[in-house]
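Line by line, the protein sequences are chains F, L, H and Y. Residue 1 is where the first sequence starts when you use this note's numbering, and the numbers rise one by one after that. Residue 1 is where the second sequence starts when you use this note's numbering, and the numbers rise one by one after that. Residue 1 is where the third sequence starts when you use this note's numbering, and the numbers rise one by one after that. Residue 1 is where the fourth sequence starts when you use this note's numbering, and the numbers rise one by one after that.
Bear in mind the hints are in silico, worked out from the structure with no lab data behind them. Values in this document were obtained by computation on a predicted structure and should not be read as measured data. Among the hints, erroneous ones may be present.
If several chains are the same, the list does not tell them apart, and a pair holds so long as it fits within one copy or across any two.
To be verified - Mimicking EDC-like on lysine to aspartate or glutamate, the simulated pairs with C-alpha atoms at most 16 Å apart in a straight line are:
hint: 1; residue 1: Lys117; residue 2: Asp88
hint: 2; residue 1: Lys229; residue 2: Asp95
hint: 3; residue 1: Lys229; residue 2: Glu133
hint: 4; residue 1: Lys259; residue 2: Asp21
hint: 5; residue 1: Lys259; residue 2: Glu187
4 protein chains.
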Amino acid sequence: MSESINRRGFASDNNAGVHPDILEAMASVNNGHVIAYGDDPYTEKTIARMKQIFGEDTGIFFVFIGTAANVLGLSSVTRPYHAVICPDSAHINVDECGAPEKFTGCKLLTVSAPDGKLTVELIAGHMHGIGFEHHVQPRVISITQSTELGTLYTLNEIRKLADYAHSNDMYLHMDGARIGNAAVALESTFYEMTGGAGVDVLSFGGTKNGMMYGEAVVFFNNALCEDFKYLRKQGMQLASKMRYIAAQFDSYLANDLWKRNALHANRMAQELFLAVKDIPGVEVTQKVESNAVFARIPAAIIPRLQEQFFFYVWDEERSEVRWMCSFDTTTEDIVRFASLLRSML
Amino acid sequence: MSESINRRGFASDNNAGVHPDILEAMASVNNGHVIAYGDDPYTEKTIARMKQIFGEDTGIFFVFIGTAANVLGLSSVTRPYHAVICPDSAHINVDECGAPEKFTGCKLLTVSAPDGKLTVELIAGHMHGIGFEHHVQPRVISITQSTELGTLYTLNEIRKLADYAHSNDMYLHMDGARIGNAAVALESTFYEMTGGAGVDVLSFGGTKNGMMYGEAVVFFNNALCEDFKYLRKQGMQLASKMRYIAAQFDSYLANDLWKRNALHANRMAQELFLAVKDIPGVEVTQKVESNAVFARIPAAIIPRLQEQFFFYVWDEERSEVRWMCSFDTTTEDIVRFASLLRSML
Amino acid sequence: MSESINRRGFASDNNAGVHPDILEAMASVNNGHVIAYGDDPYTEKTIARMKQIFGEDTGIFFVFIGTAANVLGLSSVTRPYHAVICPDSAHINVDECGAPEKFTGCKLLTVSAPDGKLTVELIAGHMHGIGFEHHVQPRVISITQSTELGTLYTLNEIRKLADYAHSNDMYLHMDGARIGNAAVALESTFYEMTGGAGVDVLSFGGTKNGMMYGEAVVFFNNALCEDFKYLRKQGMQLASKMRYIAAQFDSYLANDLWKRNALHANRMAQELFLAVKDIPGVEVTQKVESNAVFARIPAAIIPRLQEQFFFYVWDEERSEVRWMCSFDTTTEDIVRFASLLRSML
Amino acid sequence: MSESINRRGFASDNNAGVHPDILEAMASVNNGHVIAYGDDPYTEKTIARMKQIFGEDTGIFFVFIGTAANVLGLSSVTRPYHAVICPDSAHINVDECGAPEKFTGCKLLTVSAPDGKLTVELIAGHMHGIGFEHHVQPRVISITQSTELGTLYTLNEIRKLADYAHSNDMYLHMDGARIGNAAVALESTFYEMTGGAGVDVLSFGGTKNGMMYGEAVVFFNNALCEDFKYLRKQGMQLASKMRYIAAQFDSYLANDLWKRNALHANRMAQELFLAVKDIPGVEVTQKVESNAVFARIPAAIIPRLQEQFFFYVWDEERSEVRWMCSFDTTTEDIVRFASLLRSML
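Chain F with its partners taken away, still in its complex shape (with noise of 0.2 Å):
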C-alpha cells in the first residue's frame, strides 16, 4: 500500500504525514524504561524548553488533539454556569462535536463574523444580564490564531480583546492550532502573541504544520491551573507513554523546525493565491494571510477537481471552497493545480 506516493491534496494541514525530524525525534527516545504519565526526563526538558518560549511561570501540559486542549482549557477557567463567547466559525463551535458543552457544561455564545475575528463591539452584544442567574454568565472570551478562515489577528487586536476581557472578569483564550503559521505570518514570536498580548489560556497545536499527534495547553498564570493534572485525567487526556509526545514537541521546537514547515505552508499558500486570483471563475474571498485560500468557484466543476486534489467544499450554498496548505505542499503541486483549475473554466 505504500509503496507508491499517497496523493497530496488541499482538503488539510492535517492530511498531511509527519515531518521526518519528529520522526526521527520520537525514536530517539525509544529507550529503555522511563516512568510512565510524564514524570520522565524527556518531558521535562521538553517543558523546559517551553517555558523558555512561554515564560518560567506558566502551567504547561500535554494531550492528545486540539479538541482535547480547546475543551480541557476551557474547562479550567470556567464552572458550567458560564459562557464561551466565540465566533461562529469557531472550531469549538462547529467541529467538535459539541464536546466542550459536554465536557464543560457551559454555553457557547456566537457571534456572526465573517472573517473569522471577533472585536470587542461583536462580544458587546452578549454581554448583558450580568450577575442575573438566569442566564448563563460570559466568562472566557475565545479566539483562533490563524483563524478558521486562514485570517490573523494584530497583537493589536489581540490586545484589545484580552483588555476588555480582563476589565470584564473573564479570560481569553486562544486555539493556536495554527498558531505556527500565524507566528511566521506575524513575524512575532510565540510570546508576544500569546501571554504578551494577554492571552490567559492557549492550545498550542503541532499536529497541523508536521507533528503526530499531542497538543500543549499553555495557562499564562498558574493559578488558572491548579488543577488542570486532575481534569487532564479525567478528561482522559493523559498519555501514558508521554515521551513520545515530548519528544515531538521537543523537536518541533528545537532548530526552528516549526518555523521552516509554517514558513512553507504560508508561502505555498501565497503560490495559489497569485496562481488563481486571476483566473476568471475564481473569487478569492478571504485575505490570504496564514497557510489557507478561501475561493469561490463554480459548483459544477468542484467533484471533478476534487477527483485530482482533494479539498473541502466550505459553504455549499455559496460554492465557497478551502484549499489549505501544508508543509509538504510542493510548488508544482500548485502549478498542477491551477493549470487543472484554468482548464476547467
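Assemble chains L, H and Y onto chain F, guided by the hints.
Below, chains L, H and Y alone, put in the same frame as chain F:
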C-alpha cells in the same frame, strides 16, 4: 540524554518503550496525504484485519488510551441513571480519576474481590431495586482480563458472567488493557475470550504490550455502537492522523508480534516468581498467571530496592508491592533483582 | 406584612399568586397518609383525567417547574451529541442558565426569529453535517406556545414543523408554559394543539395561569418515556408529597378553571393593547395574541412608570418593554396604568 | 376520594400530609403580586429569621427537595474530580438515583457503617492518593443527622468529623432531612449541631416534619456559596412563586412548630419501641434515638402486617423492616399496630 540506557525496572509495563517493529510500521505509513480522522486506506486495512480476528459484524473504533476506551465503551451502552458493577480494584474505579462518572453520569457499584475477579455471587448483592426509580439501575458488568492483580478469568468464568448479565438485561464489558497477556496464558484466541465467551464491549489494548499509543473499542453487536462515532468525537478521542494508530495495530497483530511480546512478559513473571518465592521474608500474594507478581516484603527495604529497580507499592498498610514484567524485561534483570532482594533480607 | 394588598403589576404572570380554587384543592387532599412519590390515589386520578385530555397512550409525569419540564423532556429524546433547534428568544436558550446544556450535554442551535416563531425555512439553515461526526446532530425542534413574544403558532404551522421534524428523524418539543393562553386564543383543545398536531413532547404548565408549582411532561409516544421516571428522579424533580401537585392539576383542569383564567388574562391583554396602542410615543411591537403586550416607549419614563406598576424591560437598546397580564389583572389596573402612561407622554 | 381518612402507617414520615399551620401560612401569603424567584418580602423575612438561627453570615437558599439540596450543596464545594466520602447507607448514595454523580461529576466513596455513622477511622481508609491525579480527590465528608438508621451523632462526634475534614482541606456536609428530630433528641439548637459544630454546608429539611415541599441549603461560610444562585437556577431548583416556600419555613420555625412536630414523632417512636421490643420474634436492630424503629421480624408475617399498616422492608435478606413515626402518628396507631404484631407472632 538518550546516550545511556534508561534503566529497566518493574514499575509498569507502560514504563517500557515501544517495540522496534511498531516504530517501523509507523514510519512506513508516513507517505504523502491521506484523509484525516480514519477515512484512509491504512485504517481500513487494519480494521479489516481486526474483523478477521473479532468477527465481521463487530464494530471497531480506535481511541487514544485505555481510560477512554473504557469510558466511551461504557458510555455507548448506558444512560446516566445506569450503574456499572465492577471489582473495587478495577481500573475504572481507582485509576481513572472519576472519568467514568464524569462522562457517563453512571455510578460504579463495587464489590470487594481479593483476587480482582467478579463472580455471579458477588454481583448478586447489587441486584436489587430493579425498576425502582430511586436506585441506579445495574446495566453493565465490567471485568478486567488479565485483572489488576495479574489473575485470569477462565473462558468458562467469563461465559458465566456473560450469561448472568444477559439474563438480567445487562451487558458484559471487558477492560482488555492486558488482554494479550491473558490470551497467551490461557492459550485462547482473542475471540474465544471475548465475543466468543459473551463479552459485549471490549477495550482492546496494546500500549502495555509494546505499542506507543492507541486502543481499540470492539463491539460484538453492531447495534450497540450505532452512534459511537459521535461519542468518540465528543469524547475528544478522534485522532486526526489516524493512520499512525492503525499502523501500530496492524504491526502488532501481524506476525504474532503481540503474542511474542506477551509470552515473553509472562515468562519473565514466572521467572521472577520462581526467583523470589522462596526468599525468606517474601510472601507472594496472588497467583502469577500473567505478567505481574504481587508480594509482601518488609517495608524497610522497599525504598532501597526501588533505588535500583523502580516499582510501586500496591498496599502500603500490608507492605504489598507489585512487580510488572514487560516485553523487554530480561532474565538478567530478574537475576539481578532477585539477588539484590535476597541480599537485603 | 400580608395586611395590605401586594400591588399588582405587569411584570410577569408568575408574579401573581395562586387561584383560590387551587389552594382549596390542595387543602382537600391534606388527609392522612398516602404513599409518597406519586403512588397515591390523587396522582392516579389526575393522571387519568389528563389522559382523557391528551390520549390514553400518553406518558404523563409531574415535575416541579417549567425549566425542569423542558430540560428533562429534551433529555429523554436526546443523547449528548444531539442538538436542539430553537428560536434565539426561547426560554431554554436565554432563561434557564444553561440548564439544557448542563443536563443533556446537547448544544442548542438557535435562529433569529423576530416574532419568536420557528419556520421550516429558518430551521433548514442548521440541517447540515448530518451523519458527520464532527458536528452535533439535530434531533429536536423546540417551539414555545404561546411564544416568549406573546405570539401564536397556528395548528397548521405546528403540523408543518412536526412533519418536517419527523421526516428528518427528529422530534417536535413544545414548551407550553403558557399553553392555556394559546388554547383559548386559538379556540383549540389541548390535544389538537399538541399531540394532534404532531408534537412529541410537551411541557404542560399551569404556574403562570394560577397554580402554585408543578408542571407536567407529556409524551405522545410511550416509547419516548420508557426511562423517564429515572431521568426525573436523577434530575432532582421527583416530589415526595406528590399529591399536592396532583391536586392542583386536578382542580386546574376541572370545571375549566384553566380556561377561565387564561381567557381573562388574554382579554386583559387585549384591553391593555387597546388602551395604549394609540398613545403617542407608544409603539406596540408584536401582535397581541395571548396575554402579553410588547411595546417601545421612551426610555426616560420607564423607571417612573415601574414605580407604580412593575414590569420588565425586554430590550434595553430598543427601549422595548413587556407587559404581562395574568388571571388576576383587573380592568381597573389597566385603566390606571394606561392613564398613568398617557400622562407621562 | 377524600371523604374517608387515608390510613396512617409507618412507611415514611413523608407519607404524612401537611401540618395545618403550614397550609394556613401558605394561604396567608396568597395576596396580590410580588416579584418572582425570591425577590419578595416573604422570602426576605424568612431568610432573616433563618439567619437569626444559623448566623448572620450564612448563605441561605431555598430549593424544592432534599435530593436537590444535597446535590447542589455538594456541587458548590466540589469540582468533578473530587470525591465525597459517605456511609454506604447515605441517601445520596442509595436513594437519589445517581443524581450526585450526574450533576457534580464526583465519585462517592462509601464506607460500611452498620449504624449509619461515619467515624474518622472509617474515613481514613479513603484518604490515600492525595495529590495523585489518577485518583479522585476527597473533598467532602457527608453525614446525615439523624441518620438513615435513626441514630444520632453527638455534637462532639460532629465536631471531630469537622475538625478532621478541615485539617485535610475538606468540608463537612450534613444531610439534615430529619434534623428537627435530631435537634429535639439531643436538646440542641440547630446552630449548635451544624455551624457551631463545624458543619460547612447543610441541607435543612422540613418536608419530613410537616411541611409540603421546599428545603433550604445553608452555607456557614459565605465564600462557599458565591455562585450558588447560578447553580440553583441551572440545577432546575429556582421556584418562581418562592413566597409559598418561604411561608412554609416561616411558619415551621415560628412558635416552635418544628419542635412540637419532631418531639411528637420521636415520642411516638419511643412508644413504638417500648410496645414491640419484648414481643417474641421481634428484634430491634438499631438504637431508637429519633423517629425510626428498625427491627427484624419473621418474613412470613410482613405482607399481612403491611396490609393494615404500610411500611418498608429495609433489608430483605435479614428480614429487617423500618417503621417511621411522623408528626401525626397517634398512640392509638401504635397500640393497634403492636397488638396486631403480637397477635401474629
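Original post:
Which of the numbered hints are not met once you compare them with the structure shown?
Top reply: none
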